[in-house]
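**Student:** Fit chain to chain and form the complex, with the hints in mind.
Those sequence lines, one after another, are chains W and D. If you're matching positions, the first sequence starts at 50 in the numbering used here and goes up one per residue. If you're matching positions, the second sequence starts at 179 in the numbering used here and goes up one per residue.
Just so you know, these hints were derived from the structure itself, not from any lab. Quick caveat: nothing in here was measured; it's all calculated off a predicted structure. Any given hint could turn out to be false.
[To be verified] Under the rule of at most 30 Å between Cα atoms (straight-line distance), these lysine-lysine pairs were calculated in the BS3-like manner:
1) D:Lys575 x W:Lys250
2) D:Lys610 x W:Lys250
3) D:Lys527 x W:Lys214
4) D:Lys394 x D:Lys344
5) D:Lys610 x W:Lys251
Each chain, written out:
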Amino acid sequence: MIPARRDFLKSALATGGLVSWGLTVPAFLSRTAAAAPDAGKPGARETILVVVQLTGGNDGLNTVIPYKDPEYAKLRPTLKLPKEQVKKLNDHVGLHPAMGGLAGLLQDQALCVVQGVGYPNPNQSHFRSMDIWQAASTSETLSEGWIGKALRQLPAAGSFHITGKNEGAPLALAGAPVRVPSITTLEEFQLQTLAASSADKKQQRTLIEDAARMREGQPNLLDFVRRTAVNTYESSRRLQEIGKNYQPRSTYPNTPLASHLKLAAQLIDANLGARIFYVSIDGFDTHANQLNTHADLLRQISDAMTAFYKDMAARGHKERILMMTFSEFGRRAHENGSKGTDHGSAAPMLLVGGKVKAGVIGEHPSLTKLSMDNLVHHTDFRQVYATILDNWLGIKSKEVLGEYFKPVNIFRNA
Amino acid sequence: MTQVVDPHWAWEAYRPSDASPWDIKKVGHLYRRASFGATWNELEEGLKAGPERTIDSLLRGGPGQDAFDLQTAPLAQSISRANNGALARSWWLYRMLYSPRPLQEKLTLFWHNHFATSNAKVNNAGHILSQYGLMRRHALGSFRDLLQEISRDPAMMVWLDLNQSKKGTPNENYARELMELFSLGIGQYTEKDVREAARAFTGWELNGGKALFNPKQHDDGDKMVLGQKGKWAGSDIVRICLEQPSAPYFIVGKLYRFLVSEALPATPELLEPLAAQFRKSDYNFGAVIDTVLRSNLFFSPMAYRSRVKAPVDFGVGIVHALEGRVGGTALAQSLEELGQNIFYPPSVKGWDGGQTWLNGQTLLTRQNLTLAITSTENPRFGQRTDPAALVQKYGIKSGAPIVDFFLRLFLQGDIAPEARAKLLDYQQHSHKQTVPIYWTQQDAVAHTVRTVCHLVLTLPEFQLD
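Just chain D, with the same shape it has in the complex (with noise of 0.2 Å):
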């Protein structure tokens, strides 16, 4: 890609114009962004609301958070006490299908892909949820506080070995992903920085579930790290991590990434004033993406459709728009099967993501659930999330207008034209198709409005994010 993007024009507020106007198009996008997707209200309510108080509403959530909060907390609490971490996988999915705040759940999933811990290894499902809740806790606030706490973080210690690590005998596998992975990226540290800070990080252990600092397993000799001499522990090696000029860099791509595009390249001279303020904030996250998503670069033809769609995001964004209400247990083992087994991330990288999402497999797969979700007659869906309750539900008439409104609601009519005529044409001589004799009348329109939902979620297009 040739494009060259002003850094200064990229990050400033975007207001319509005639040129760029406020449309559905990009309601769509902010909520796929920003959220996980967009039901038929929200998109229309976004459309009149414009976009600053529509990013306000997502930014600060809508009401019942604590209520949802306490709702949830319970099942929580007994996931915990029987280690059960298949059912953690299914209570955070549907946090992040009923959440009245679901940016801070899609937040925190993006903390999870950055810190990805697998329970795996961990085999606590008390303590991954544990990780969960901090990472919630700042997912719009001080990176500074939460790499500190994940440092500490017992899922942490037992998935990078830190309760192992001990005087005289470190164990470098913290250190390391601290700066490869956490803050600073490939090629800012040698191997050198990475023993050295490992022996800062001996002294923690587990005790009762709790991380406790054992000051006999510390190793309290000089180290030098990145330059700096003294008898670090390991804040010292956080802090002094976090004082390196790539640091904000590496965590604001990241970002880039996960927002904004995995086409477009995160060049330094983009990224610079995003990183500055970062830096000057002392690592407020939360200003960020405040900055990020009110910005011009944001709402551009350069950010729209230019990521692969995760898993995450194609299952519970269709289950969402479709207003379905299922638990989580079903959409955890679907997206498993699509490579995105939230608390099972296959390595502490996290998922790649980007075009790695779809192969051959997973891209018959997702066509595969699309159906699963739509058809009413998969067990794990059933009749939770069915096209045909919706189309009624909001009176549409069926014909043409049926194909334009799964149009709308999943693609926001953005589609080449030939599809929306082939797409017609199946509707329209659907009635004439034989239909096995013991259909009602009803089970034949009923069919019509499925397969049409679900023809729309094959289209190419919904493959982006």
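Just chain W, same shape as in the assembly (with noise of 0.2 Å):
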């Protein structure tokens, strides 16, 4: 626990001193906190959420596959996989071939698959469907993010939106208190100057935040700039004085998503009290020859999971750690002609953790009670949120979501 971080927040926030500068930096990455408390400190059990978005659509049925069902096979003539080789969870489902490692969590009690999720009247837009997944809300306009929202009844905990290059900030984390920071490498997130002398240097960089905290009666968007440009600078600043050679305890494949979960360890290993992490993964949009696409891409997610996973178990935060994946919808179940599948609705998702309830929540949607070709979905997206919010970050669902859903049985002991 950090209490002293935590009460330093309050009062400021009741005081509006912090937040109503309209300058602020994240709390953590602050002069004020980094004097605070460690959260990594041993007795530190906060827990951590890493949200691990899978961008396109994943074909659910082709990740979590019900190789009993007879129907599986004449839903997919050309894209189903061998029964034999399908990685089998219970008597009815397995992973596909591809996510051996995610498998194996499950001996280690640390592998939940929650079947058939999604929301009513599933829209089959990439865009609109992410944006409901995002915002935990199917209102027509939507602006602030579950994650963002989570944050204000959190203003203590870190949180990060580990990015690639071509990848803007997402809907999810909008409505924060403070803008979360996006990273893409420790080594890419720092100030560069041209300086004659050291002197020099502190003199440019004196100027350049400067510039960026004045202020007097701006339009809106420089505003923005500024508040950006301020977090920046001091986040970097805070941020170059994590060590840089940073030694995993199991090995992370060398894929982009591997590279971002361990830069998620090595920014938890630092002690800087981050409790979110934000990643994606782009390529689900498999309407044409997916066999091997998707087969590859289930590989990524499943081995950058994995040695996260073990990496982080290796350090003794195997309890704290909580994995959880989504996608803006599921695919059609029947395939199309071009070996690959159109949008659908209901699929799995998957959580990972020392502390989820191991094994398959939920029956597998029905292969033929379909409607409008599509999976159709038991339980809704927002009762596994709700959980997570209530029962693993330790805040009021209702207040991020709105209204009440009927928290799933992820958690042991939840």
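**Tutor:** Below, the structure is given as structure tokens:
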């Protein structure tokens, strides 16, 4: 626990001091927070959430496969995976053959599969449906994300969007009291100058930072730039204090997702009080020739998440970790004529961590009772979110989601 | 924002007045939106010429367009033959930097973001460059023609699987995005419309890199799309989409965000005159561009600095203003790091743009890119974009004029006075600082010029378009 920092923030919020300046830095990265007690010291038990976004609409039916169901082969004449290669989770379903890593975590009681997740009146636009998942709402206009809103109740929780190069900050993080920093690598997260001397360097940096801080009656957008700048310069300074040579305790594959998760591990290990991470992997929109592309993507997820889990477990963080995957929708039950699948609806979510209820939750959606040719959900994704918010992050889900959602039994002793 | 704008006033032509004079800020604004920023001479000439003549020449482009096309064409052919997607990016950036008609390149970029096709999947530089050519041909032309032709464009056919869509087993990818992203917008069609339209688009194949219609693979049965029933082919679906009242609004709404403002909401009332013009002119896009660029709203404070600079505008703008001679490759790599990898958009929706361009990482990368361009010590740019050389070219004396030169060039002097004071202070004290022992007097002076230029480019105002 880190009562000192919490209390500081509470009082700062109460007086409006920190927030109303409009130029705030993430509390856990500010100078004040740097002096606060270490969240990473032994005894710290704060939970961590890593959201893994699968962009493009992951084919759930070929991720968690109902290998015993004779209908499966009929729906997928060219895309079906052979029964004997499926990584069996129970007598009905198993993971895609490329997901041996994650399937192996079942022995460690660290993998939980929630089947048949979706929401009512599913939308089949990538962008609309992704917004719905990220905002946890089906309202017409969506401007805030579920994580952003959650962070209002967790002002001291460190949070990072670890990002690739062609990827903006997600809606999921919008609405946070302070902007969540996006980072690609620590090496690139610093401000360079061309200075004649160290004194010159200091002068230049001071000028750059002061210019960002100045304010008079200014338009909104300029204020946005200034906030981003002040926030960034200070975060960057703090993050440069972190040791550069992180030695993972497991082998991360050489993929972008694995690099993102390795950086997350490094930030967790750096005792910053980081608790929320957001990463994504694109490419799941497999309308044509899906078989190998999809296998490769699932292998990337499985191997990266497995490496991260093992690294964290080896550092004693096993019970603090929860990873959650989601995608904007699943895909059409019946494959199309291009050896691919069109947009669908219900799909599974994967949860990985030391405290999950290991195994499969809920039935696989029926392969015969379809709606508009799509699998039908039985669990609303917001039920999963609510359970994570209430029972994992320890905050009030109703304040984030706007209403009560029935919890799903995804944690041990939950 | 609670501003209420009179739509009639908004799109009437702007006339300079005492309340809203033609000044250097407006010239800079016009060149940021209708080009990739201005050089020193473009600013000064625009100021003298006034709005009408400056806009005329931006619309028309300068002399030497044919020669420029002839000069760049052979390279495009060899890039296509070698199927080098990375070089295709460089090639286009070169055109953005040096075309005598930059507005055409800028609007081609608009269409690239609209029909966002990624070579990551297409994997054919020839197809990608020929799609670029299609969009450039119609960049200020007929949207109807563009939409019809893009539906048979080889790069698009691969990107959205049109070439895989067969009678009996249609692929829905193109039909959906045609309605959602290319013509109508979400909520203007049903799932049933998508599936029926997909049937109409069956039968197109790629043969030797050319689109070919194969009647055997075409579903020629009746389809019911957006309330119209018939034995529709793909071109009928495009026609039906363009008959929908939402279509002109959807396109001018996107254009509004691109050319006018990301901050001021595009209400249907505000867009109505533009949408009406677009519909009545049978989707003449160039005419709408003309209206927008000359309008009151475009030159109002509501539009000024009301967008976040896209990486292309940021990078190309700096090199252009510094009058640098660089190949496109240095910039292509840098812009990828900033999140705008041209010919490789992140999804069929294109780049979200606006505030999503800027986050902690991209801001630092932008600031570090300005350093790379101005320092002369970066291997990508070297001395090809040297601010000290520019200052020499214009005969700017050292001291305060250096600060004001760069402030005028990049920001038309419009920044917080405190920031200018700090820059002057830095400049004035620079001669006192310790420098490496091997530097000549000239080295030290040039260092200060480059540093001042870099510091100007790091000001928050420079992130705005």
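**Student:** Now tell me if each hint is right for this structure.
**Tutor:** Each hint tested on the structure:
1. At most 30 Å may separate the alpha-carbon atoms for a hinted pair to count; Lys575 of chain D and Lys250 of chain W meet this at roughly 24 Å.
2. Between Lys610 of chain D and Lys250 of chain W, the direct Cα distance comes to roughly 14 Å. Compliance with the 30 Å bound is thereby established for this hinted pair.
3. Straight-line distance between C-alpha atoms of Lys527 of chain D and Lys214 of chain W comes to about 17 Å, which keeps the hinted pair within the 30 Å bound.
4. A hinted pair counts as satisfied when its Cα atoms are at most 30 Å apart, and Lys394 of chain D with Lys344 of chain D qualifies at roughly 9 Å.
5. Distance hint between Lys610 of chain D and Lys251 of chain W is fulfilled; the C-alpha atoms sit about 15 Å from each other, no more than 30 Å.
When each numbered hint is compared with the structure, no violation occurs for any of them.
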